[in-house]
Amino acid sequence: MDPSPFILDGGLATELEASGFQLQVGTYYHTDLLSTITSLITLVLYLQGDPLWSARILHANPQAIKDVHYRYLQSGSDVITTATYQASIEGFVKYLDLRPEEAQQMIMSGVQLAKETVREFMSSTVSENRREPVVAGSVGPYGAFLHDGSEYTGAYEEKMTVEELKDWHRPQIQCLVKAGADLVAMETIPGLKEAEALVEVLREFPEVKAWLSFSCKVTDTLHYMLCYLMANFIHKTLATVYAHELDIAINAVRVFQDIHNISSGRRFSEAVQVACRSSQLVAVGVNCCPAPLVKPLLESAKSHKKADLGWVVYPNSGEEWDPKTGWKTKKQTSFAKLSLDWKDQGALWIGGCCRVGPADITELKEQLHV
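Just so we're aligned: the sequence shown equals residues 1 to 370 in UniProt numbering.
Hints were generated in silico from the structure; no laboratory data involved. The structure displayed is predicted, hence computed values, not measured ones. Incorrect hints may have been included.
In silico lysine to aspartate or glutamate, EDC-like type, Cα no more than 16 Å apart, as pairs [claimed, not checked]:
#, residue 1, residue 2
1, K159, D148
2, K337, E366
3, K302, D341
4, K166, E200
5, K115, E132
6, K66, E116
7, K115, D182
8, K178, E101
9, K302, D344
10, K343, E363
11, K115, D67
Beta-carbon label-pair distances, calculated as ranges [said to hold, decoys possible]:
#, residue 1, residue 2, range
12, M160, E128, 48 to 58 Å
13, L146, C276, 40 to 50 Å
14, R131, E163, 32 to 42 Å
Note that CB positions come from ideal geometry on N, CA and C, so glycine has one too.
Make a model of the complete structure from these sequences and hints.
The structure is reproduced here in structure tokens:
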């Protein structure tokens with residue numbers, strides 16, 4: 001009998017924004033965005049403006065974080081992910097004016113809030129078949145701290161060594177482990193070098209289990225990269241300063257239907273091989289990509305994955321971007337229905353990322369009969 005998949009939660013920031021929190025600086029319009037580069041039609045650009053993103057709410061309104069966690073538990077999530085994706089010691093010191101030790105406590109509070117919510121939920125739940133939810137400590141890529149769009153290109157890897165990336169990630173992982181996270185979610189990783197660094201840091205915490213999830217070079221890569229790029233054009237109008245980023249954007253246009261590569265341009269199959277070097281990983285996979293791309297991505301790397309290593313998948317919603325109206329509320333393909341293919345491919349950890357809310361998780365759980 002095949003094991004039932006663990007149901008992850010959905011987008012934390014998505015649900016915070018639905019609750020009225022403003023995590024963006026605005027929408028940027030440009031009626032002739034790429035006319036000198038390509039024949040692409042008008043795009044409406046969107047930039048998540050807060051350098052701490054949802055991690056700021058840990059400091060500003062921790063109860064709001066708990067409320068979102070609780071809604072995902074009610075929807076059927078077996079795994080609650082902490083609000084620490086964009087959290088770092090350096091970031092909290094820089095943007096919240098905290099002392100390093102206070103920043104450490106802030107990251108740890110992300111785990112504590114999630115665990116408190118799980119306890120409160122389970123104390124009010126009478127279902128005998130309910131799995132005991134686990135807390136995954138979220139670790140985002142170095143590019144999330146840079147807040148320049150590079151988390152969707154991995155461009156910073158060219159200028160950093162594995163040791164430098166290890167030194168960056170170690171303090172955050174240490175805080176999550178110390179606070180008692182049940183496992184560590186290393187997510188939206190764009191490149192192989194950073195993946196290697198994370199696998200090596202994980203060995204310093206031999207009792208800790210984790211998953212490693214990559215961002216992939218698809219439409220969303222173009223979307224997020226150009227958001228940052230054009231926002232800076234609008235404010236600075238110095239296109240020559242951003243020649244390198246513009247080249248990245250052009251390349252993203254060319255490969256926007258890529259079903260084989262992670263965001264840095266390396267093969268997803270290579271990324272899976274990096275994950276296979278660790279005995280501490282419970283799963284490897286993809287997140288923050290269009291849902292229809294999951295199946296071919298997993299197919300492209302299945303021969304490189306160890307049998308005892310599961311797949312973890314939590315893509316974005318199945319909505320489409322309309323340049324005049326934004327995200328279409330009607331999804332082209334049911335997010336939950338697509339999950340049946342992922343389960344058949346061996347995915348044991350399934351959930352959602354951007355624009356996936358509690359209702360989607362409820363539908364996902366019902367579709368998978370877990």
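Hint-by-hint comparison with the structure:
no.	hint	result
1	K159 to D148	holds, 15 Å
2	K337 to E366	holds, 10 Å
3	K302 to D341	holds, 14 Å
4	K166 to E200	holds, 7 Å
5	K115 to E132	holds, 11 Å
6	K66 to E116	holds, 8 Å
7	K115 to D182	holds, 10 Å
8	K178 to E101	holds, 13 Å
9	K302 to D344	holds, 12 Å
10	K343 to E363	holds, 15 Å
11	K115 to D67	holds, 13 Å
12	M160 to E128: 48 to 58 Å	holds, 50 Å
13	L146 to C276: 40 to 50 Å	violated, 28 Å
14	R131 to E163: 32 to 42 Å	holds, 39 Å
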